[in-house]
Amino acid sequence: MTVPNSPVIGPSAVPHLDVDPFAMSFFADPYPTHEKLREAGPVVYLDKWNVYGVARYAEVHAVLNDPATFCSSRGVGLSDFKKETPWRPPSLILEADPPAHTRTRAVLSKVLSPTVMKQVRDRFAAAAEARVDALLDKRSFDAITDLAEAYPLSIFPDALGLKAEGREHLIPYASVVFNAFGPPNQLRQEAIERSAPHQAYVAEQCQRENLAPGGFGACIHARVDDGEITATEAPLLVRSLLSAGLDTTVNGIGAAVYCLARFPDQWQRLREDLSLARGAFEEAVRFESPVQTFFRTTTREVELSGAKIGEGEKVLMFLAAANRDPRRWDKPDSYDITRRTSGHVGFGSGIHMCVGQLVARLEGEVMLMALARRIAKIEITGEPKRRFNNTLRGLDSLPVTITPA
Amino acid sequence: MPAITFIHADGKIERVETGEGESAMQAATRHGLDGILAECGGNAMCATCHVYVDESWLARLPAIADVEDALLDGTATERLPNSRLSCQIAITPALDGLVLRLPERQV
Ligand code: HEM
Ligand code: FES
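So the protein sequences, as listed, match chains A and B.
By full-length UniProt numbering, the letter at position 103 of the first sequence is numbered 103, and the numbering carries on one by one without gaps.
By full-length UniProt numbering, the letter at position 42 of the second sequence is numbered 42, and the numbering carries on one by one without gaps.
Fair warning: there could be bad hints in the mix.
Below 25 Å or equal to it, Euclidean Cα-Cα: the simulated SDA-like pairs (lysine to any residue) are [said to hold, decoys possible]:
no., chain 1, residue 1, chain 2, residue 2
1, A, Lys-118, B, Gly-74
2, A, Lys-118, B, Arg-105
3, A, Lys-110, B, Ile-64
4, A, Lys-110, B, Ala-65
5, A, Lys-110, B, Pro-103
6, A, Lys-82, A, Pro-99
7, A, Lys-331, B, Arg-30
8, A, Lys-377, A, Ser-275
9, A, Lys-118, B, Pro-81
10, A, Lys-110, B, Arg-79
11, A, Lys-110, A, Ala-222
Reference excerpt, derived from the structure (chain B facing chain A, CB under 10 Å, subset only) [as the list claims (entries may be wrong)]:
no., residue
12, Gly-42
13, Thr-48
14, Asp-66
15, Ala-70
16, Ala-76
17, Val-107
Residues from chain A that keep clear of chain B, each with C-beta distances beyond 12 Å, as calculated [as the list claims (entries may be wrong)]:
no., residue
18, Pro-89
19, His-169
20, Thr-299
21, Leu-395
22, Thr-403
Bear in mind the hints are in silico, worked out from the structure with no lab data behind them.
We treat Cβ as the ideally placed atom computed from N, Cα and C, and that holds for glycine.
In isolation and in its complexed conformation, chain A is listed as follows:
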């Protein structure tokens, strides 16, 4: 346990917890463990994987905002790239530190800027309306397959400029990527073993000649001509959008629909004021945290809220637990679409904060708006089934029946 003014550096000075935040039993219901992690102390040590952990808002925010001490270039999963060979060539943005990160980040920020969002907005909104048309025809459907997956699949691959063939690899590829951030458990091992065909597909699609003009992918390649990035860097930056841009929003939209179906008073509120759609999506990202965790690696010995952590240690950030920390949030366990969500860490914080956040919000907003305008009621008609992933939280199926407005 914590000893005041302890000169001890390392794990012995912080509370040890015997929990596995990558076990199936944990994924089924992470909330009691999140609370245990928060209440044990500002910094904890997880013996199961020999890592430090932070689950309170203040410490998660602090770690995210000190990239010089808590770096990303040694991997944002459990694997330390200094000691182990990464399962794929590292990301040039997610798994990079300044100054390398600054340059690649600037490119993706421009490709996914607010100005670009204004240009794609009408297209994204029309596709959301078309999705609702299809759902109204069905009345009873699976809100994951037919809505949370179908909608992003109907716009994002096109927005990127991908060919029509082979798109069925996209979600499986992302699932591998997010499982691979976890420890060497069964989820990670099996995902990597089966990854070859998905990796081959993705590598191919990232090449300039396979990306339609005008899409996000082509816009990235165009930066090669300005000399901002090299021709070998461009495909890897396209890969970042393929990895992080689809499955995340599937789980984000899935989370929002699951929340609105579970909390009919919030659905009613949204129906009465459609301008709350964007907030309803954002609050779902806080409430469910589709991206649950990321790691950092210490570049030096550091003191964090009284805990002394040595160099080269992995620190696991529980974004989801921070998003429900009662020290930061009023009634953290209630889904409130009028909440001031600014400052939540569902998209991270600091220099690596999600570069695709505007795309995610746009998709979420226009989809929820289309649903709320034309549907009076969403009822859950069967047992929701969870999808298990080392990093992503979401459902595998959510049977619902809708009543038209």
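Following the hints, complete the assembly by docking chain B with the ligands onto the known chain A.
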């Protein structure tokens, strides 16, 4: 502590006390002020903390960095010469009394 004034699009005036080291956006959201969304939490990534700076204060603000400049091109309401992102305005004692006008919408 320095105080700053926000003038809403409908003319309503709100004065807020700022805290040590806060940005104008942080002071506004801490007081629950409507009209500033700040979806990215101050990371200069969303352009939903847009304000129009009262002309008399414009020259006293820190210069616009490239990132802010690019984001200002994507604000929901028209970018004007006095447009700034309030998360990029760190409040110092010299900015006591700063007047910021809020746009009609942020998205
Ligand atoms: C609800 C949907 C989404 C969630 C919850 C989410 C979450 C996150 C989080 C937590 C990070 C921070 C990683 C870190 O600090 O190490 C991140 C980074 C990133 N996200 Fe997202 N994301 C979403 C959607 C998207 C979309 C739509 C795209 C692409 C269009 C995208 C692309 C990226 C990229 C490239 C990074 C790395 C940024 C960097 O390291 O500078 N994400 N995301
Ligand atoms: S709060 Fe997002 S740009 Fe200022």
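- Query: Straight-line Cα separation of Lys-118 of chain A and Arg-105 of chain B no greater than 25 Å?
  - Reply: holds (14 Å)
- Does the structure keep Lys-331 of chain A and Arg-30 of chain B at a Cα separation of 25 Å or less? Measuring from Cα to Cα gives roughly 17 Å; hence the hint holds.
- Item | Holds or violated: Lys-110 of chain A to Ala-65 of chain B, with C-alpha atoms at most 25 Å apart | holds (15 Å)
- Task: For the pair we were handed, Lys-110 of chain A and Arg-79 of chain B, check the Cα-Cα distance against 25 Å.
- Result: holds (18 Å)
- Query: Hey, does the Gly-42 of chain B contact hint survive, CB to chain A under 10 Å?
  - Reply: It holds, given that the least Cβ distance between Gly-42 of chain B and chain A is near 8 Å, below 10 Å.
- Item | Hint validity - Ala-76 of chain B Cβ closer than 10 Å to any chain A Cβ | Result: holds, 8 Å to nearest chain A Cβ.
- Task: Just double-check Thr-403 of chain A for me: nearest Cβ-Cβ distance to chain B has to come out over 12 Å.
- Result: holds (29 Å)
- Item | Closest CB of chain B to the CB of Thr-299 of chain A still more than 12 Å away | About 21 Å separates Thr-299 of chain A from the closest Cβ of chain B, which puts it past 12 Å; holds.
- Message: What's the verdict on Lys-118 of chain A and Pro-81 of chain B, does the C-alpha distance respect the 25 Å limit or exceed it?
- Response: holds (21 Å)
- Is the Cα-Cα distance between Lys-110 of chain A and Ala-222 of chain A 25 Å or less? holds (12 Å)
- Message: Min Cβ distance, Asp-66 of chain B to chain A: is it shorter than 10 Å?
- Response: Holds - the Cβ of Asp-66 of chain B comes within 10 Å of chain A, reaching about 8 Å at its closest.
- Item | Closest C-beta approach of Thr-48 of chain B to chain A relative to 10 Å, hint status | holds (9 Å)
Going through the hint list in order, the structure satisfies each hint without exception.
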